[in-house]
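Going down the list, the protein sequences come from chains S and A.
At position 135 of the first sequence the residue is numbered 148 (this note's numbering), and the sequence of numbers has no breaks.
At position 120 of the second sequence the residue is numbered 128 (this note's numbering), and the sequence of numbers has no breaks.
Hint data in this document are derived by calculation from the structure and do not stem from the laboratory.
Where a beta carbon is used, it is the ideal one built from N, C-alpha and C, also for glycine.
A hint or two may mislead.
What the hints assert, rightly or not - Here chain A is said to cover these stretches of chain S; the calculated rule only asks that three of the stretch's residues, wherever they fall, bring their Cβ under 8 Å from a Cβ of chain A: (1) 35–46; (2) 66–74; (3) 119–128.
Stated by the list, open to error - If we take Cβ atoms under 8 Å as the criterion, some of the chain S residues that face chain A in the derived model are: (4) Ser26; (5) Val30; (6) Ala51; (7) Glu55; (8) Pro63; (9) Ala80; (10) Glu82; (11) Cys83; (12) Tyr146.
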Amino acid sequence: MAIDRNKVIEDMSKVSVGANKDGIIPAFNVLVNQWPAAFWNEFSKRMIEPVDDDIKEDVEGLLINAAHECGYHTGYGIITSKEWDAAVKPMVENVEDVLHGAFAVFTAWGWADAEIMELVPGEKMVVRSYNYYEADIAEAYPGKKAPRLSAHMIRGVCGAFMDLAYGGDYDSTGNSGLYTFRCKQTKGIECGDEYGEFIAVKSEEYEKL
Amino acid sequence: MAELKLTHTFDAKNKRHFLNNRLTVLHCHHYATLFTQLSLDAKDIVDGTRILQESTEDVFYNVLTAYYKENGITDTSDRIDIAVQMFSAIGMGKMVVAASDTSGGEIAMPHAYVDEGWLKKWGKNKEPVNFIGAGYTAGMFAAVFDKPTRTYSVTETKSKVMGADESRFKVTG
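Chain S extracted, bound-state conformation (with noise of 0.2 Å):
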């Protein structure tokens, strides 16, 4: 592997996000904010609590889609940007160290401390993280565990890294080359698992896992 992930990781990390006299950040090609964490888990944990069990799954699957697309349009934002190019091209020799570096910035950019495992090119990609925000979400349970997987921004994102790297070309609409890959998440830490893991797949290929 060409990519130096500690060095993306401590570059991309002190890239400048501060705001214009417009109070936006434009960065990556998109415009970036820096919120607490805790907005985002409050949202997504408030939207899934009160609804039914058999309705649950339906917000989670609209939260990982919120996420999927979004990793899709930021992701092509981030490797198609000029602080990709500075820090991260020179490493870049093929499409699977264009995944590894994406990773990486995902990292930087306090998403989660998330690795490749295992990657089979066009078909399949394993990701680890030992270390992800969304877990906090367990916090707010009873003996620190909560009750069901909660990582929809990594599932999302993951997802859609692999409809970049292998689904075709850049959609700006969406309509093609988006959801072509879908994620699964197997372990997570905010259910007491040691690390979380997420497992994604062509799209036809989902429901096996």
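The hints should help you fit chain A onto chain S, whose structure is shown.
Showing chain A alone in chain S's frame:
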């Protein structure tokens, strides 16, 4: 004018960002607007827009209340200055407090992050969408005037996403 002091740190071991020792994360307009759209789409299942507004109110009430306490900010105008600067520093846009007292007030947003993100992503909308901005405003008024959350009701009366030159919010106590 009181000046906001923000210290950013990155915990290299755990890969986490902090602003004034409070855990933050970088996200983008896609995620914020998709959460907003999700809150609207889920209306038949759950009151998503209320949840989005109240989640924002609670989180930023806590952020501002902690800041005021840690920095000994007690004067109302200083508190408003800090809240307005915080709003911009974290990328929410630009806020102007047109009127404010314990009974409510009015806020203008010449730049509103959610609206500008929405316009960039989808274009104009027929209804206001800045539930996050409204929630911040409600939390800010509660924190500034030492009131509990849900004291203030915030309604968006003018919206950039609908084509207005600025967004405006009416605050009633």
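How the hints compare with the structure:
1. A stretch counts as covered by a chain when three or more of its residues have a beta carbon under 8 Å from one of that chain; for the stretch 35–46 of chain S and chain A the count is 9, and the coverage holds.
2. Taking a C-beta to C-beta cut-off of 8 Å, the stretch 66–74 of chain S contributes 3 residues in contact with chain A, enough for the three needed, and the coverage statement holds.
3. With a threshold of 8 Å between beta carbons, the proposed coverage of the stretch 119–128 of chain S by chain A holds, since 7 of its residues qualify and at least three are required.
4. For Ser26 (chain S), the shortest C-beta to C-beta distance to chain A is roughly 5 Å, which falls under 8 Å, so the interface hint holds.
5. At a threshold of 8 Å, the smallest CB-CB gap from Val30 (chain S) to chain A is about 6 Å, leaving the interface hint in force.
6. Interface hint status for Ala51 (chain S): upheld, as the beta-carbon distance to the closest one in chain A is roughly 5 Å, under 8 Å.
7. The criterion of a C-beta within 8 Å of any C-beta in chain A is met by Glu55 (chain S), whose closest approach is roughly 4 Å, and the hint holds.
8. Taking 8 Å as the C-beta cut-off, the interface hint given for Pro63 (chain S) holds, the closest approach to chain A being about 6 Å.
9. Using the Cβ-Cβ criterion of 8 Å, the hint placing Ala80 (chain S) at the interface with chain A is satisfied: the shortest such distance is roughly 7 Å.
10. Hint status for Glu82 (chain S) relative to chain A: holds, with the closest Cβ pair at about 6 Å, below 8 Å.
11. The closest approach between the C-beta of Cys83 (chain S) and any C-beta of chain A is roughly 4 Å, which is under the 8 Å cut-off, so the hint is satisfied.
12. A hinted interface residue such as Tyr146 (chain S) counts as satisfied when its beta carbon comes closer than 8 Å to some beta carbon of chain A; here the least separation is about 6 Å, so the hint holds.
Every hint, counting from the list given before, is met by this structure.
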